[in-house]
Amino acid sequence: MKKWIAFLLALCLLCGLLGCQGEPPGGEPSASSGVESAPTGSDSDRIAKPVIYLYPEETTQVEVALDYDGQLTHTYPAYRDGWQVTAHPDGTLTDATGREYYCLFWEGESDWEYDFSRGFCVAGADAAAFLEDALSQMGLTDQEAQEFIIYWLPKMEGNPYNLISFQQEAYTDHARLTVTPEPDTLLRVFMAWKPVEEPVDLPAQELTAPERTGFTVVEWGGVELS
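All you need for this note's numbering is the position in the sequence shown, starting with 1, plus 1394.
FYI, nobody ran anything at the bench for these hints, they're computed from the structure.
Take the hints with a grain of salt, since some may be wrong.
What the hints assert, rightly or not - When the alpha-carbon atoms are kept at most 20 angstroms apart in a straight line, the in silico EDC-like pairs for lysine to aspartate or glutamate are as follows: (1) LYS1588 x ASP1505; (2) LYS1549 x GLU1503; (3) LYS1549 x ASP1527; (4) LYS1588 x ASP1509; (5) LYS1443 x GLU1541; (6) LYS1443 x ASP1461; (7) LYS1588 x GLU1507; (8) LYS1549 x GLU1501.
Using the sequences provided together with the hints, build the complete structure.
Below, the structure written as structure tokens:
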């Protein structure tokens, strides 16, 4: 027993001499890689991939401004106090350098509240068929709807269920769009959704669309909530 106690005392003394420690002096955690840990972030939600299409009746110089209650994180082409483009009837957009685009793109972060008083609970396996039907009812063309579905479907179809509500004032009041000249038709489709494990019962949302006439501006986007 005396030999065992002597061994432990010697081991403790050796650790002290070699500087064995779990934390450096002062209680600061020791660095493990030289790279600071990423911040945990806030409760902000990421507004994902709103894209804007412009369809004038004739080639037109168009300015588009976004008054956004949040922080823009990505835009393309670059948003500098708005976008200024030449819009063609087929939807092609040209900037001052002659570069062509098919849409205007932006993303951002916000902490808005979304309205889920009405909506849909859709099984992941049914997400594609649901979106095809819903987007048609809301006035998107097949090409616009396909681009929407291609972006969102991979995030939705593997979930047991998806709780979906297409936002109106909860979106447009916080992401105000000004187009000059003023369009004859403005169609904005924005989907708030969250994956859920069990079915949720809620009143179905009525989906409608304006008639697309004259100079038409279309936007779609969405946000995934946790």
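Going down the list of hints, with the structure as the test:
Restraint check: the Cα-Cα separation between LYS1588 and ASP1505 comes to about 15 angstroms, which is no more than 20 angstroms; the hinted pair holds. Taking the CA atoms of LYS1549 and GLU1503, the gap is about 19 angstroms. The hint holds against a cut of 20 angstroms. Note on LYS1549 and ASP1527: the hinted pairing holds, with a Cα-Cα distance of about 18 angstroms set against a maximum of 20 angstroms. Restraint check: the Cα-Cα separation between LYS1588 and ASP1509 comes to about 12 angstroms, which is no more than 20 angstroms; the hinted pair holds.
Proximity of LYS1443 to GLU1541 is assessed by CA-CA distance (about 11 angstroms); at most 20 angstroms being required, the pair is judged to hold. Only pairs whose Cα atoms come within 20 angstroms are accepted, and LYS1443 paired with ASP1461 is accepted, the gap being roughly 16 angstroms. Proximity of LYS1588 to GLU1507 is assessed by CA-CA distance (about 13 angstroms); at most 20 angstroms being required, the pair is judged to hold. Between LYS1549 and GLU1501 the alpha-carbon distance is near 17 angstroms, which keeps this suggested pair within the 20 angstroms criterion.
Taken one by one, the earlier hints all hold for this structure without exception.
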